[in-house]
Amino acid sequence: MKRLLSTAALALCISAPAQATEIDVAYAYSSLFDPTFEEIMQDFTEAHPDITVNFRTTYEQYEDGTNTVLREAVSGDLPDVTLQGLNRQAILVDRGIARSLEPFIEQESDFQKDGYHEAMLDLSTFDGEVYGLPFAVSTPIGYYNMDILNEAGVEEIPETWDGIVEVCQKINANTDHEAIFWYWNITGNWFLQSLLWSQGEPTIADGRFNFDNEAGLKSLQTMEKIFDGCEMKNYSNADARKSFSSGQIGMYFTSTSSVGFVDSNKTGDWTFRTAPFQGIDGPPEALPAGGNAAMLVSDSEDPEVLQAAWTFVKFITSGQGAAAVARTTGYIPPNKAANEEILVDFYEENPNKETAVKQLPLLSEWFAYPGDNGLAITQTIEDHMESILVGDVEDMEALQQQMVDEVNEMLPEPEGS
Amino acid sequence: MSDASLKAPSLLPRLPRLARPAVRADTPEASRARTGVLFTLPAIVLMLVILIVPILMAGVLSFTDYSLGRAGFDWVGVQNYEHLLSRSAYRSMFVATLTYVFVVVPASVGLGLGAALLISSLRVGGDFYKTIYFLPVMAALLAMAIVWEFALHPTLGIVNSTLAAGCDIGWLRGLLTGAWLGGDPAASWYGQGCADGFPLWLGDRDYAIWTLCFIGIWQAFGFNMVLYLAGLTGIPRELYHAAEMDGAKSGWERFRLVTWPKLGPTTVFVVTITSIRSFQVFDQVEALTSGGPMKSTYVMMYAIYEKAIQQNLIGIGAAITMVFLGFVLLMTLIQRHLVERRVHYS
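These protein sequence lines map, in sequence, to chains V and Z. The opening position of the first sequence corresponds to residue 385 in my numbering, with each subsequent residue numbered one higher. The opening position of the second sequence corresponds to residue 1131 in my numbering, with each subsequent residue numbered one higher.
Looking at chain V on its own, in the form it has when it is part of the complex (with noise of 0.2 Å):
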C-alpha cells in the first residue's frame, strides 16, 4: 500500500508539459529509496520540465531486480534506466543488455568537477568502460546501544572480532538483553566477503573460490567465534531490527543502509552510537562496496530519449540528487562534490551516517560469482554459514574443504584450462 502511494505520489509530482521525452527508470528497496525519489524528482521536474520520467513497479530486492531486467530483456520491454546492484551489473554486461556510458561521459566538459572519482567509478568500469554510474553506497558497520554497553561495563567500542566477543560475553554476563544479531545472511554473502576482504583477499580471484586459504579458514572460524561466543540467536535481520530499535539488543552489524531505519523507528531513551566495522587482528585492509548503481538499458535508438535518459542518471548521482540520497538513508552517496560540499553540516549533525564515509578508502569490490549458477552458489555458501549458527559443525577446516569443493563445481571452467 504504502508504495502505491508513494508511486502515485511520484506519478502526480511529474505531470507532463506537453512533449515531453519519456523515461522509464525501475529501482529496488522502495521501503528505502521511496523518499529519496520524491525528493529527487522536485528538483529534477523543476531542473528539467521537459523530461518525464515513469516508474515503474519497484524491484524487491537487487537479485528481483537483475532477474527482472534480463526477463524483459526477453520479452523486449526494458526500462531505459534501471538501478542494480553493485554486484549485479556485470552479468548485464556480459548479456549485452547494458550500455556503455563512455560516449555521453566524453560530451560532459567538467564531469570530474562534478564529483566522480576514479575509485568509485572502478565499481562500475568494465573492460575499461564505465557501465553505471553508482548511485547509493554503503560498507558494514556496527550499530551499538551504549546503555546496554556501558550497563555491561563497556566504554570503548573494541576494533577487532575478539573484543566484540568479549564484549559479548560481558553483556551476557551482567544484563538481561542480548549481546548481538550479525547479519550473517545478507544478501549476496556480504558478510562473508567483508571478512574476506578486510584480511586483504578477494572472494573470487582468476575466475575461481578464493577461500582454499588461511583468509578462509580465519574467516570461518570468526564467525564460529562471534556465533558461539556471544550465543547469537537465529533471529530474522526483519526481527533483530526491531529489537534493536526497541532497545534489547546491544550490538547490531549490519550495512550503513539501516541507520535512517533505526533513527526513525528508535523506541525508549538510549544512545544510539554507529562505529567502523570490526577486523580480525587489527581494522580491516579493505571491506565490500554494497548499494547501486543506475544503468542505461534502454534498447531505444532514439537519441532524445537516450540523452534524457543520460541526464536522469547524472542528476541523481551528482549534486542535490546525490546529497538527497545522504539525507533520506543512511547510504553514502558516492560523490565527492556531494559528500564535501553539500553534507558538510549534514554529517556533523547525523554523525552516524558518516561512520559509513569514513570507510570510503576501504571500498572494494563486492563480487558475483560467474556462471549462471551465481545465485546457487550465494544460497549454498549461506546454507553453511547457518550450519555454523545452529552448531551443526564444528570442525571449520572441514567445513572448508567441503565449501570450496562445492562451489567450484558449481563455477563454470576457467578459460584457457
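Careful, some of the hints might be misleading.
[As the list claims (entries may be wrong)] Label-pair distances were calculated between CB atoms; the ranges are: (1) V:D779 x Z:H1213: 24 to 32 Å; (2) Z:F1280 x V:P745: 36 to 44 Å; (3) V:D776 x Z:P1395: 44 to 52 Å; (4) Z:I1288 x V:T655: 55 to 63 Å.
[To be verified] Interface residues of chain Z toward chain V, partial, derived using beta-carbon atoms under 10 Å: (5) R1164; (6) V1277; (7) E1279; (8) G1287; (9) I1446.
[Unchecked claim] From the derived model, a few chain V residues whose C-beta atoms are all more than 10 Å from chain Z: (10) E447; (11) I588; (12) K602; (13) D756.
Just so you know, these hints were derived from the structure itself, not from any lab. Quick reminder that beta carbons are idealized off the backbone N, C-alpha and C, glycines included.
On the provided structure of chain V, position chain Z as indicated by the hints.
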C-alpha cells in the same frame, strides 16, 4: 471463398468416423458427432494451450540445464532428477512437504468436521461462529503472514511476551512448569523459557515447520468447516429418527451410523482439496521463513520458486515441478478411485 477454407473443417469429423466406422458420413448421427466435436473444440484448444503444452514444455525443460536469459541449453538427461534424490537440500524438501501435508490435512479436516458438528447443533449463534472460523479463509494469507510475523517476534511479539509475563506470576509459573507435580521447575519447557527466553518460533528448526503447520491449520479448517456444514444439511432428518427407533441411542452411535457414512463424499472431497492445497503451501514460507532455518521449511512450491524464479535455474525448477505434479496427480487418482467405489450410500 477458397477451396482450402471449405476443406479445413472437413478434416475434423474423421475422428468420430474412425472410432465408429459403421456410421456413414451423411447419417444424422455422424453430423451430430461432427457438431459435438466442433462445440468442444474451443475447450480442447484452450486446455492444450494453457495446460497440456506448458506441462509438456516443463517436462522437456526438466531434462535440460536451461537458465533464463541464455540463448541455448544443453541436454543433461536425468541429472536434475538424480539431484532431487541425492542432495540433502531436496531430502529436506520432501521431509518438510510431507510433514506439512500429514499434519495439516488430518488436523484441519478433523477440526473442520468438529466445528461443523458443533455449529450445526447450535440453536442460536451459529452464524457468529461460522463468521469467526471463516475469517482466516477470506483474509489474504500474505497479509496474515505479516500479522503472524509480528505476533511471533522473539521478544516483542504477543506470543512470547505473554509467555514471559507468566514467568513473574508465582502460581502460574508453578502451574506451567509442573512444580505442583513435584517436577524440577528449571528442567521443564516453561521453566527453561523463563530462564533463557522463549523459542524463536520461526528461527529455530525444532519449531519452524510446526509453527507453519499451525498457521496452515488455522487458515484451512474454516474452509473445511463450511464444506462439512453443507454436507450436513444434505442428511435427511428421517435417517436419524429411523436410527433412533432401531436402537441408536447415543450421539456417538448416531454419528457413527448415520452422519459419518453420509458425509463420505464430502470427506473425500475435503481431504483431496486440503491435500492439494497443503502441497501447494507457499505464502507463509516465502513471507515468514524463506525455507529456513536449515531448510526445515523448504517445501516444494518454495523450492520451485527459489530455483526457477530466484536463481534462474529453469531445468531443476522444472524437474521439481514434474515431481510436484506427480504428487497432485496421485491425490486426484486416489480421489477418483474412492468416488468410483461409491463411498456414499445412495
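What hints, given by number in increasing order, does this structure fail? 4, 5, 6, 10, 13
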